[in-house]
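S.K.: Please arrange chains B, C and D with the ligands on chain A, whose structure you already have, making use of the hints.
Residue numbers (our numbering), protein chains in the order written: chain A, 1 to 469; chain B, 1 to 529; chain C, 1 to 315; chain D, 1 to 272.
None of these hints come from the bench; they were simulated from the model.
C-beta atoms are modelled at their ideal positions from N, C-alpha and C, and glycine is treated no differently.
Take these hints with a grain of salt, some might be off.
So the derived list for chain D, only partly shown, Cβ under 7 Å to chain C, looks like this [stated by the list, open to error]:
1. L110
2. F114
3. G243
DSS-like mimics (lysine-lysine), calculated; alpha carbons at most 25 Å apart, straight line [to be verified]:
4. A/K150 - A/K85
5. B/K435 - B/K413
6. A/K1 - A/K174
7. B/K295 - B/K515
8. B/K224 - B/K246
9. A/K401 - A/K420
10. D/K95 - C/K7
11. B/K372 - D/K171
12. A/K428 - A/K308
13. B/K435 - D/K171
14. A/K255 - A/K428
15. D/K171 - B/K393
16. A/K247 - A/K307
17. B/K393 - B/K372
18. D/K96 - C/K7
19. B/K413 - D/K171
20. B/K435 - B/K393
Residues per chain are reported as follows:
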Amino acid sequence: KSDIVVALQLEPPHLDPTSAAAGAIDSVLYSNVFEGLTRFASDGSVIPGLAASWEISEDGKTYTFHLQDGVTFHDGSAMDSADVKFSLDRARAEDSANAQKALFDGIESVEALDPATVQVTLSEPNGSFLFNMAWGDAVIVAPETIADIKTAPVGTGAFKFSNWVQGDKIDLEKNADYWGAPAKLDKVSFKFISDPTAAFAAVMAEDVDAFVGFPAPENLPQFEADPRFQVLVGSTEGETILSTNNKMPPFDNVKVREALAHAIDRQAIIDGAMFGYGTPIGTHFAPHNPDYVDLTGMSGYDSELSKKLLAEAGFPDGFKTTLKLPPPSYARRGGEIIAAQLRAVGIETEISNLEWAQWLEQVFKGKDFGLTIVSHTEPFDIGIYARPDYYFQYDNADFQKLMADLAVTSDPAKRSEMLKQAQETISKDYVNGYLFELAFPTVANAKVMGLWKDAPTQATDLTAVYWED
Amino acid sequence: MSLLSIENLSLSIHGAPILRDVSMQIEPGRILGVIGESGSGKSMTAFAAMQLLPDGSVCDGRIELNGQEVLDLGEQDLCRMRGRDVGMVFQEPMTALNPIRTIGDQVAETILIHEKVSRGAAMERAAEALRRAELPQDRFPLSRYPFELSGGQRQRVVIAMAIALRPKLLIADEPTTALDVTTQAQILDLLKRLVAEDGMGLMLISHDLAVVADLADDIVIMRKGEVVESGPADSLFRTMQHPYSKALLAASTHAPDREGAPQDVPLLQVQDVVRDYTVHMRGWWGKTTTFQAVKGVSFEIRKGESLGLVGESGCGKSTLTRAILGLEEVQGGSILLDGQPVFTGHHANRDIRRRMQVVFQDPYGSFNPRWKVGRLIAEPYHLLEQPPAGRAKARAIAEALESVGLQSEDQHKYIHEFSGGQRQRIAIARALIIKPELIILDEAVSALDVSVRAQVLDLLADLGDRFGLTYLFISHDLSVVRNVTDRVLVMKAGEIVEQGETKAVFDAPQHEYTKQLIEAAPVLPADVA
Amino acid sequence: MLRYFLKRLLSLALSLVVASLVIFLALEVVPGDPAAYMLGINAQEDTLAVLRDQLGLNGTVVERYFAWAGGMLRGDFGISYTYRTPVAEMIGERLWISLPLALYALVLSTLIAFPAGIWAASKRGSAADVTVMGVTQLGVAIPNFWFAMLMVLVFAINLRWFSAGGFVGWDAGFAAALKSLTLPAVALALPQASILARVMRSSLLDTLSEDYIRTARAKGLSRGQALWRHALRNALIPVLTIIGMQFSFLLAGAIIIENVFFLPGLGRLVFQSISARDLIVVESVVMLLVFAVIVVNFAVDMAYAVVDPRLRTRR
Amino acid sequence: MKGNRNLWLGGGLTLIFASAALISFLWVPYDTTVLDIANKIKGPSGAHPLGTDHFGRDILSMIMVGARTSIAVALVAVGIGMGLGVPLGLTAAAKKGSLLDELIMRGNDLVFAFPSLLIAIMITAVFGASALNAIIAIGIFNIPVFARLTRSGALSLWTRDYVMAARVAGKGAARISAEHILPNVTNLLIVQGTIQFSLGILAEAGLSYVGLGAQPPTASWGRMLADSQTMISFAPHMALFPGLAILLTVLGLNLMGDGLRDMFDPKLRRAR
Ligand SMILES: Nc1ncnc2c1ncn2[C@@H]1O[C@H](COP(=O)(O)OP(=O)(O)OP(=O)(O)O)[C@@H](O)[C@H]1O
Ligand SMILES: Nc1ncnc2c1ncn2[C@@H]1O[C@H](COP(=O)(O)OP(=O)(O)OP(=O)(O)O)[C@@H](O)[C@H]1O
Ligand SMILES: [Mg+2]
Ligand SMILES: [Mg+2]
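Chain A on its own, in the form it takes in the complex (with noise of 0.2 Å):
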């Protein structure tokens, strides 16, 4: 068998990676059909993409990209240093509808040296430059297609785009000009399935060969228990915390912050909204990752002591405030669990369920909201504390200032005891609740090899999926 059918949560508004904030974009094409100059590996280390190799100069301001040999287009034409220039040049612009504009601030310049050499000129050291051109944002696309790349993306990747049924389904075919390993299917079908019992329903009746990313945990047992599935359970990059207004009354005192962060009990979340599938966090930094401290203790479940705190902050009968919940089940049901926790304390909370247009309106754009659940998917993002104008206005002056310094120094072993240093000083501050990290669980047939476990980012890497016989 060489083709597969592969389901997703999400589809993706429109297909062009590099003007929106969408993941489900990634979903499909971030690496099946677009590449970058670095890409992520399935374990989440920056490895070389289209970029072979490169050289950093000594003050880490320049960087230049040698390309890989014989890369071409979808459409045919050789992709050369001319469109490295056009993609990353086209992203900073002005006028650029990019998403994450922020990854490309501290470029300069972009200079084709020669068709195979890239020079990117940094106007300040950047430690993460690497990393940030393995995004999906960052991909290369090429300026003769940019004007359909919305509905007609044209890539580099081992798959190409063949068709899109909207509301149902993408197909993807075999690139059989790849540079690099060719992938072993020959045509991949990606199926837009959003209702979780649907979810259900389609793997159980085998109507979709895997299911990347599938949206209800308490389903995973019995998918587990039946041999003709395999359930891989990976890690994400989602930090999945209560978000706390800091500016706002009476979370502006810490010591209701702290009260807050000892009413939670992490595990009965965990067991309750994920049915047992996520690890606790202490801070904003994935378990997985090398520099991340284990936290939780310092807001261990303790309810007397919380009653305590926040008699001490001045509400010895607790207060009201209003918990605004996005849709994934993790915000709804963490949400009602929450809630029932913390009137435990004393403190009510009036529950409110929105869709993302109305969350992003309500409580990113408007800071309207005391509480808040949300899954930070991006990685490594603790940088977000650094800026007080960001939703959950957190406002440190030394916490920006360890920012700052971060993003000049290179030195591993410092990088490390700086990172550490800011996820004790988060904390320390309980600027929010931390929950868990999502845990991101793909069900598939049995047969089916070569998946991501993790997801290191949104991505459905299916370059070495195969079937087994």
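M.R.: Coordinates of chains B, C and D with the ligands only, in the frame set by chain A:
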């Protein structure tokens, strides 16, 4: 041998006895009239002969039709019998026909059901049947739909349907009740002619003694599911024994006594009244046409007088009533009560209006079923500036009830707890309560059984004398009008064609239409009445 | 007849204009910025402004209404904010699923309801009648999404007769396509069939008690003949009304069912578009549905005239 | 006979759920706002006659409290429909053939033309998901139902002689509508009311099912169903009991409606 012979027929529906020991015979070429008050079991007898009884009916006795025992027949044989051996015509011509099939279709169906003939041939014969029922093809083609015909014409279609196969027996259950007198006379003539032509037996059911007396060879009188009297028509009226038959006859010809004579002072003056209705024929944005329901009517009523207004259905009688009562503005002419206009400046004149009241036809429909009688009859108090309240009101209600022969306790009952005659008394009590001078009776006794009708007419006469009331008595029933009014107006298509002393008009009608009307009205043989 | 037709046609047009105004104005007040939704958490203000301009979200309400309504008259429904493809095209594609689904459900419910209703009416009070009435009571009372869930459990997961959802596409052949629409169509049809059967029965009983049925029986027609030849067509009028109304329920009521069976139909399109604030799609789909309902009801009115000759000349 | 049987059966079912809702104000077996994750998804047992849900809450208690939501939402929605629809219908009938009548009736048609579920979704999308918005959304679509019914019922009453008698007594259209017409259409309204009530319960369930009805921690049957749907294969009791609750309540109301119809008037035309 009789065509139809019913012997000792008893019928019960869901255990409730409906008919008891009913017997009657019909001979070929003869007409049997069946009379009796509403609910006496006339229709059920007919249905039993056809075996078209409601669910839950149990028959006992013998029904022999054309030598066959009907009660022993299976459903298939019954279907074969119905329509072929016996035809039936029902009371309500408006609903007796399927509204969405052509008349030709429906008449031809009788033939197609019973005989193996082509559709074309059946249509031919349907046309023939319609022609015999006086619906010639050039004016009433087979492709007409029932809604394109008048009530009388529809009834002819039903008759055509029933006689299409020249049945031996025709059962006509109140075939003319819903029709106006002139049409009624034509239908009855038609039936008579068909019997004579085909030698068919006819069972004619009616509650109208005069209709039956006019036509029937034999008569059966029923009451509460039993036959109380039967015999040949010409002798029955003279020889009848049963007190009920006698009462029925007496009531039919009852003329209440009135003592007071009208004064020579006009109470109501109606002058050149015109009433136009705007008819929205072409939708709400298009043109509208007007229809003149009352076309320049003038008359007067004197104080203490009883004035009759007769005319066919739809001639504008009720419209005129509404205009007099000031419920609708007229488009021309004037209406004065005691010299004052009932309508001033687009509004009804309350002072005038409270001096008139009205009693309607339907003894049930004219009362809100959710109100108690006390509240119902006090409703006209709304017209008074300062209506009596509390004790005074209770006393007035009791008085009104007593004056119509009911008890004051009755005010705490609901209307459904009263019989038809009592209800009409209550309607009169309601009209009396504000002591009006003029009472308009719009078909006030048409829906009542003859005996009840007689009582109500007596009551009206009595009240008229006691309170010096003036009546405008509207009816299409000439015999009633003749008996209770001093003067009469004859109306046709919105115009008054003749007026004068009741006796003079009835004895020597001048206008062609009046003559027709009087001609058509069935009357009991002079020697009986 | 012509006048009647024209009058109805004019009121149809007016209704559509009012509907378009209502829809447009209602959606104008929906909070939420489609551009913000598309660009997500890390978007910057100037990027948003650029996108908003591209989407044509700047401009006065009046301008935008006329642009939208005018476009629609020309068959141009605009460009989806999120998908960036012409809305008309998207709707066209989705209709290929929603319309057959609605028709399939309608045919199913009619096929079930007519015989059931007629049977129950002709055997009034019998065990058959009681059974049909009982089953239809249940059919009306069952939430159809719950029923759909149960059906998937039984027929897709346990028995594996049908796939759990999805649509194979018309390319896969008519039979296969129909098969993949069967479970959703049954889920949609069940409550409709129940309602229809009940209306059919009570309407037939009403007509069976009419005088002209007695007339027909007096002619020698058997009960069955009277029912088929005289009662049925007269009983059809209220039934037609219900069928007309059901069509709209079937088109729009499919939202939940399309979710349960992950069918890429109109319902799911509009549901997604609402969450994505893809207002132009929502406006167009709602307008289309309203249009469909109004037109279907118009057709039903015209059908009355066919059934009932009285309407051809009156009014 | 049959009418009474419907009435008794339907009334009984309705009464059971109505009293469950009432009792829940005073007492429930378990507090539904307290979660007991350790005891989640347990089948029926002595301690929990209907089992527990995915948060370890007692399903019997949840159904009792949920009855409150369903009944309240449906009741208020029907109230809105009647409160606005009946006066509109009475007005239209009183002014039959006028422009006002035409406007009211065309307005009704227009509301009918809108796909109701879609509009409900839009309303909740605009104003946020909540029981109140669900009520408004359901209520709006009840208005034309009652307006039409009232108008058609009233039109036939306006031709009655007792209306004429009231006019002879000098009463105006408004007063006649209130005193004579309204009391005589109440039978119709009650029958239709029970039907709309049951539809309201179904609609609330549907809205809650897609997450747009009552918000947690308010218990709601529709949300219980939505929560349970992915677990139906291994915890069928979680879907079965709230589903049955909806089914039986709706069934009860419909039977009661039929029974009332038969009781009031066996020949009453079905109004839709
Ligand atoms: N379907 C029925 N079920 C039970 N009782 C009935 C039914 N139809 C008629 N009856 C009763 O049978 C009795 C006789 O009714 P029938 O119709 O024969 O009277 P009628 O003499 O024809 O009166 P009318 O002059 O009003 O037509 C009445 O008391 C009536 O209430
Ligand atoms: N509101 C109306 N609009 C249009 N035409 C009307 C209206 N009311 C009555 N008419 C017409 O006016 C004419 C007279 O009606 P009216 O009710 O006065 O007749 P009537 O003599 O009382 O008849 P009946 O004996 O049947 O009661 C009829 O042709 C009727 O169709
Ligand atoms: Mg009779
Ligand atoms: Mg009249």
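S.K.: Going straight from one Cα to the other, do D/K95 and C/K7 come out at no more than 25 Å?
M.R.: holds (21 Å)
S.K.: For the pair we were handed, B/K224 and B/K246, check the Cα-Cα distance against 25 Å.
M.R.: holds (16 Å)
S.K.: Between B/K435 and B/K393, does the CA-CA distance stay at or below 25 Å?
M.R.: holds (13 Å)
S.K.: Checking one constraint from the list: CA of A/K401 to CA of A/K420, max 25 Å. Satisfied?
M.R.: holds (15 Å)
S.K.: Does B/K393 lie within 25 Å of D/K171 when you go C-alpha to C-alpha?
M.R.: holds (19 Å)
S.K.: Mind checking the alpha carbons of D/K96 and C/K7 for me, to see if they're no more than 25 Å apart?
M.R.: holds (18 Å)
S.K.: Would you mind confirming whether the straight-line C-alpha gap from A/K428 to A/K308 stays at or under 25 Å?
M.R.: holds (18 Å)
S.K.: For B/K295 and B/K515, compute the direct alpha-carbon distance and say whether it is at most 25 Å.
M.R.: It holds: about 21 Å lies between the C-alpha atoms, which stays within 25 Å.
S.K.: Is the interface hint satisfied for D/G243? The criterion is a beta-carbon contact with chain C at less than 7 Å.
M.R.: holds (5 Å)
S.K.: Measure nothing beyond the straight line between the CA atoms of B/K372 and D/K171; if it is 25 Å or shorter, mark the hint as holding.
M.R.: holds (18 Å)
S.K.: When you check the alpha-carbon spacing of A/K150 and A/K85, does it fall within 25 Å?
M.R.: holds (20 Å)
S.K.: Take the C-alpha atoms of B/K393 and B/K372, compute the straight-line distance between them, and say whether it is at most 25 Å.
M.R.: Roughly 15 Å separates the two Cα atoms, so the pair holds.
Checked against the numbered hints above, the structure violates none of them.
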